[in-house]
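Chemist: Chains A and B are the protein sequences, given in the same order.
Heads up, the first sequence is in the working numbering, so the first residue is 1 and it goes up one at a time.
Heads up, the second sequence is in the working numbering, so the first residue is 1001 and it goes up one at a time.
Read the hints as simulated data drawn from the structure, not as lab findings.
Keep in mind that this is a model prediction, so the values were computed, not measured.
Treat the hints with care, since some could be wrong.
[Said to hold, decoys possible] Below 30 Å or equal to it, Euclidean Cα-Cα: the simulated DSSO-like pairs (lysine-lysine) are:
#1 A/K5 x A/K54
#2 A/K111 x A/K38
#3 A/K38 x A/K54
#4 B/K1001 x A/K71
#5 A/K54 x A/K68
#6 A/K71 x A/K5
#7 B/K1057 x A/K111
#8 B/K1057 x B/K1013
#9 A/K37 x A/K68
#10 B/K1057 x B/K1001
#11 B/K1001 x A/K38
#12 B/K1013 x A/K68
#13 A/K111 x A/K56
#14 A/K68 x A/K38
#15 B/K1013 x A/K71
#16 A/K68 x A/K5
#17 A/K37 x A/K54
#18 A/K56 x B/K1013
#19 A/K5 x B/K1057
#20 A/K37 x A/K5
#21 A/K68 x B/K1001
#22 B/K1013 x A/K38
#23 A/K54 x B/K1013
#24 A/K71 x A/K54
#25 A/K56 x A/K38
#26 A/K5 x A/K38
#27 A/K56 x A/K37
#28 A/K111 x A/K5
#29 A/K71 x A/K56
#30 A/K56 x A/K68
[Claimed, not checked] Anything over 10 Å on all C-beta distances counts as not near chain A; from chain B, calculated:
#31 K1013
#32 T1014
#33 V1032
#34 S1033
#35 L1043
#36 G1062
#37 N1077
#38 Q1103
Don't be surprised by glycine CBs; every beta carbon is placed ideally from N, CA and C.
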Amino acid sequence: DQQVKQNSPSLSVQEGRISILNCDYTNSMFDYFLWYKKYPAEGPTFLISISSIKDKNEDGRFTVFLNKSAKHLSLHIVPSQPGDSAVYFCAATGNQGGKLIFGQGTELSVKP
Amino acid sequence: KAGVTQTPRYLIKTRGQQVTLSCSPISGHRSVSWYQQTPGQGLQFLFEYFSETQRNKGNFPGRFSGRQFSNSRSEMNVSTLELGDSALYLCASSLADRGTDTQYFGPGTRLTVL
């Protein structure tokens, strides 16, 4: 039972354009959502998060949108840069402290 | 501030052996969580320690165990290693007294079981 799903295993975007990564969840008890960027054989790097009391959070080129009724969140990267090429994971947590549930990841490739 | 550190970075063991991995959290962080990453299963939660107590546990067999020390450093142990235990083991720390604290990850320990 996969509670957090990233249905697109990969995404290719041209440099300077917008990258949109999507994530769906099933557990309505989740109240905090995070996006991480990961390179092979390294630990995930935290990018941005959003609480369930908000529907949008911005940090520089990164914006996360949360649609609670659809149980859907998305990460927008504008403008995309070649250095953004990596695997992106969304994660969710509820009232179980310290336990993140991860999606399967989306590999983003930004072409120069 | 130094990030999360994990030792060793790479480890090769044979089936049936046991292994201990170490994690030092960011200074001031009281919660340490452990995750296993494999190509087939993705990133899966193992367990979380807070103030030296296991607060949460994932769906892994009892061969996987952990502990946390008074300085918040944590170790995880895997006994009777199996080939399927080959994975990247990640620890993450957070300030934690609420479930919504952000977790920051270490570089991981790559375990290979032969």
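Chemist: Against each hint, give a clear statement of whether it holds in the structure.
Modeler: To see whether the hints hold, each was checked on the structure:
1. Distance restraint check for A/K5 and A/K54: the Cα-Cα separation of roughly 21 Å lies within the 30 Å cut-off, and the hinted pair is therefore satisfied.
2. The hinted pair formed by A/K111 and A/K38 meets the criterion: a straight-line CA distance of about 18 Å does not exceed 30 Å.
3. Of the supplied pair hints, the one linking A/K38 and A/K54 holds, its CA atoms being roughly 25 Å apart against a limit of 30 Å.
4. A distance of roughly 36 Å separates the Cα atoms of B/K1001 and A/K71; the hinted pair therefore is violated under the 30 Å criterion.
5. This hinted pair checks out: A/K54 and A/K68 have alpha carbons roughly 9 Å apart, not beyond 30 Å.
6. For the suggested pair A/K71 and A/K5, the alpha carbons sit about 11 Å apart, so the restraint of at most 30 Å is met.
7. For a cut-off of 30 Å, the pair hint linking B/K1057 to A/K111 is broken: about 41 Å separates their Cα positions.
8. For a cut-off of 30 Å, the pair hint linking B/K1057 to B/K1013 stands: about 25 Å separates their Cα positions.
9. Between A/K37 and A/K68 the CA atoms are separated by roughly 23 Å; this keeps the pair inside 30 Å, and the hint holds.
10. The suggested pairing of B/K1057 with B/K1001 holds, with an alpha-carbon distance near 29 Å, which does not exceed 30 Å.
11. A C-alpha spacing of about 21 Å is found between B/K1001 and A/K38, which places the hinted pair at or below 30 Å, so the restraint holds.
12. Note on B/K1013 and A/K68: the hinted pairing is violated, with a Cα-Cα distance of about 45 Å set against a maximum of 30 Å.
13. Proximity of A/K111 to A/K56 is assessed by CA-CA distance (about 27 Å); at most 30 Å being required, the pair is judged to hold.
14. The suggested pairing of A/K68 with A/K38 holds, with an alpha-carbon distance near 26 Å, which does not exceed 30 Å.
15. With a CA separation close to 42 Å, the supplied pair B/K1013 and A/K71 exceeds the 30 Å bound.
16. Distance hint between A/K68 and A/K5 is fulfilled; the C-alpha atoms sit about 15 Å from each other, no more than 30 Å.
17. For the proposed pair A/K37 and A/K54, the alpha carbon gap of about 22 Å is at most 30 Å, so the pair holds.
18. Using a Cα cut-off of 30 Å, the hinted pair A/K56 and B/K1013 is violated, with the two alpha carbons roughly 46 Å apart.
19. With a C-alpha separation of about 21 Å, the suggested pairing of A/K5 with B/K1057 holds against the 30 Å cut-off.
20. A distance of roughly 16 Å separates the Cα atoms of A/K37 and A/K5; the hinted pair therefore holds under the 30 Å criterion.
21. At roughly 35 Å between alpha-carbon atoms, A/K68 and B/K1001 are farther apart than 30 Å, so this suggested pair is violated.
22. For a cut-off of 30 Å, the pair hint linking B/K1013 to A/K38 stands: about 26 Å separates their Cα positions.
23. Among the hinted pairs, A/K54 with B/K1013 is inconsistent with the structure: their alpha-carbon atoms are about 46 Å apart, more than 30 Å.
24. A distance of roughly 13 Å separates the Cα atoms of A/K71 and A/K54; the hinted pair therefore holds under the 30 Å criterion.
25. Of the pairs offered as hints, the one joining A/K56 and A/K38 holds, with about 23 Å between alpha carbons and a cut-off of 30 Å not exceeded.
26. This hinted pair checks out: A/K5 and A/K38 have alpha carbons roughly 17 Å apart, not beyond 30 Å.
27. Taking the CA atoms of A/K56 and A/K37, the gap is near 19 Å; set against the 30 Å cutoff, the hint holds.
28. For the hint pairing A/K111 with A/K5, the CA-to-CA distance comes to about 25 Å; that is within 30 Å, so the pair holds.
29. With a CA separation close to 14 Å, the supplied pair A/K71 and A/K56 stays within the 30 Å bound.
30. Straight-line distance between C-alpha atoms of A/K56 and A/K68 comes to about 11 Å, which keeps the hinted pair within the 30 Å bound.
31. No beta-carbon of chain A comes within 10 Å of the beta-carbon of B/K1013; the shortest separation is about 18 Å.
32. With a minimum CB-CB distance of about 22 Å to chain A, B/T1014 clears the 10 Å threshold, and the non-interface call stands.
33. Distance to chain A contradicts B/V1032 as a non-interface residue, since its nearest Cβ pair spans about 8 Å, not more than 10 Å.
34. Non-interface call for B/S1033 relative to chain A: violated, since the shortest CB-CB distance, roughly 5 Å, does not exceed 10 Å.
35. Separation of B/L1043 from chain A is inadequate, the least Cβ-Cβ distance of about 4 Å not exceeding the 10 Å criterion.
36. Separation of B/G1062 from chain A is adequate, the least Cβ-Cβ distance of about 18 Å exceeding the 10 Å criterion.
37. Separation of B/N1077 from chain A is adequate, the least Cβ-Cβ distance of about 19 Å exceeding the 10 Å criterion.
38. A beta-carbon of chain A is positioned within 10 Å of the beta-carbon of B/Q1103; the least distance is around 6 Å.
Of the numbered hints listed earlier, those contradicted by the structure are 4, 7, 12, 15, 18, 21, 23, 33, 34, 35 and 38.
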